[in-house]
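If you read the sequences in order, they're chains A and B. Position one of the first sequence corresponds to residue 1 (our numbering), numbered consecutively onward. Position one of the second sequence corresponds to residue 1 (our numbering), numbered consecutively onward.
If you are wondering where the hints come from, they were derived from the structure by calculation, not from laboratory data. Heads up, some of the hints might be wrong.
For identical chains, the list gives no copy identity; a pair is met inside one copy or between any two copies.
[Said to hold, decoys possible] Below, in silico cross-link-like pairs of lysine-lysine (BS3-like), each with a Cα-Cα straight-line distance of 30 Å or less:
| id | residue 1 | residue 2 |
| --- | --- | --- |
| 1 | K153 | K338 |
| 2 | K68 | K88 |
| 3 | K189 | K229 |
| 4 | K153 | K88 |
| 5 | K368 | K189 |
| 6 | K286 | K70 |
| 7 | K49 | K70 |
| 8 | K263 | K153 |
| 9 | K338 | K69 |
| 10 | K68 | K284 |
| 11 | K88 | K70 |
| 12 | K229 | K197 |
| 13 | K252 | K197 |
| 14 | K263 | K70 |
Number of protein chains: 2
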Amino acid sequence: MDFSYVSHLSCPKCHQTYHSDQPHHLCTCGSPLLVDYHLDDLRNVLQPKDLSERENSLWRYHELLPVKKKENIVTLGEGMTPLLPMPKLGQDMSISCLLMKDEGLNPTGSFKARGAAVGISKAKELGIQEIAMPTNGNAGAAWSLYAARAGIKATIVMPKDAPTITQTECAVSGAHLSLIDGLISDAGKIVGEEIKKHDLYDASTLKEPYRIEGKKMMGIEIAEQMGWKVPDVILYPTGGGVGLIGIYKALKELQSLGWIDDKLPRLVAVQATGCAPIVEAWKKGKSESCFWSDASTVAFGINVPKALGDFLVLEAIYQTDGCAIAIDDETLLSELQKIAQLEGAFVCPEGAASFAAARLLRENGWIKENDVVVVLNTGAGIKYFDTVRNVLFITK
Amino acid sequence: MDFSYVSHLSCPKCHQTYHSDQPHHLCTCGSPLLVDYHLDDLRNVLQPKDLSERENSLWRYHELLPVKKKENIVTLGEGMTPLLPMPKLGQDMSISCLLMKDEGLNPTGSFKARGAAVGISKAKELGIQEIAMPTNGNAGAAWSLYAARAGIKATIVMPKDAPTITQTECAVSGAHLSLIDGLISDAGKIVGEEIKKHDLYDASTLKEPYRIEGKKMMGIEIAEQMGWKVPDVILYPTGGGVGLIGIYKALKELQSLGWIDDKLPRLVAVQATGCAPIVEAWKKGKSESCFWSDASTVAFGINVPKALGDFLVLEAIYQTDGCAIAIDDETLLSELQKIAQLEGAFVCPEGAASFAAARLLRENGWIKENDVVVVLNTGAGIKYFDTVRNVLFITK
């Protein structure tokens, strides 16, 4: 049995294919590339029960990851985060089975560790020596630290308003960190110039095809943790959207393997009212989003005015009869405190937005009382302690 | 088979025993109490192989925990943190097998979650409705959040210089938080008065006997993760010392069960030069420590001038041919950066002190090149980001 069943890269727009043994970024048509696997072969040799005694990280599913040689794995123990019952919060919003997938228990305190672990491992396998990327904070922190572990240099460009903790994580890892006066889209332009100038490996969201493979493991883990069943609804805070795209991709792969049945969960993209391009596109039934001007929200991780993979996010929503919904900052910060006080979980603002979205969707009947609902908390609340501290009026 | 094999509480000084079905704090002789189990019975019914498919948290060892009914468990997914190889750092300090047990991957970002999970679960089982404790930060944060999850009220008293993040965690959980101008020992006096005045449950370090049971699981997990073997050396950052006492207790229990052989790892208590009462006591061959005046270190979690369990820490060191060693702030902050740059791990100052101690002990020959060495990183570096930020001179 091969360690990885990776087959090739393919374009979801024009269906052109590429080898996975050389570095590739976008398709010539401009679309992100996705990773394909030999699922027909794998179906015959691997069963869910084979996983039960495997290591407790996302690498337990190594056949469904793109890294071909085990020795290229760069890991800090990411993945297999807990799926926790939230009974008191569920009761408070009349959802009988409310669960939280807590991504705050990843290295670097956010789900970004998943993408960084797989992205950096594959970069190492491809012989890459230096990466560059723009970030709203957590991705840059994760990629900086995993790059350090791999012995790969990193150049990170971040808005100066991004969480100070994530700036510290980049700097302590030895990455070359630039703080700019602008949004992640402005940071992206600077990174683009640096990449051209110094021939660096572009690790920007969806411009390298492998981070999505790390993030899809959230979907596979949820299925395994529920005994190879899926919930009725999954809510996901959506900025670049890679997590949601990944979860959808994972569920389709599990269907191909015959590990879950035909019914998919309804996928919900949660955004902030201050930056809701996907929500606007979904409301109009469009297949792509428009750039959101003057984007602003305390949920910094979803402050993404235009996602490169917007069409994939919208496809996942349409294909699963899901929806998209925006939450304002005041509502999400109030939900954040309620979650801590009822369930002892200090979630990040993006996670809190997704719980608030579940509450709203239950109120308007889109979620039924007996739906099994999984909310992704994408990171630890402590990474945003200053936001929360201000809300709570803590003074020395 | 019973869910828990708890037997009773016993005093390690005067050997008096107490029931574990009523709330107890210190022995009448003033010593902390320890939890005993029916290990002879358990040996006949549980084998290491029975654990392999159990849940991935410290509750996988529920027979060796004091909670009798499963429904009283209050969990956020604590324990079973990764044991990571640190090959480049090991090479840098000439230790051929250097491993890190990364406690930063616990809920609330530190090993304190272990003690809080078990302590709060047992408090719930005992019918407790309100707890109080002094803290240097992380313990208060963990107990506040687990108490909220259990529906138990919490009063927390903390030095105002403790990490701001941990203050935020207490406040967001709805705990009653007091910030004082003083040390944890001063906070302890205030808590003592509050407990008398309002008849609260004293959750101070070692004044309730159950938090140590959560922390001992670090020892059991290390053994399981190494295939029921133990390393040659374990280094532990030591403030109150509960972690070290717990690991020693765990290893003795595993010996009684016949799950590990007779050889124990040499246990090393790591302190800061600005607060090293255990180190001073060990140097003089004493069985107890003296109060350390003007205690001060950036490794705030080990800024404990006099530990109630000092005699148990010293016993663990003497019984395992271990040692105690102090590291200055400059050295530990320099080690912290080296660890991030070589291994991609952003450890807390206390963890960094323990790596620096391994380096020193290797240099002076106390650790041999081929010793298998496990260092405990007790928390996530991000919880101390402001300390690190200052060292790195990050400015916007």
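**Study point:** Hints breached by this structure
**Key:** Hints 3, 5, 6, 8, 10, 12, 13, 14 not satisfied by this model.
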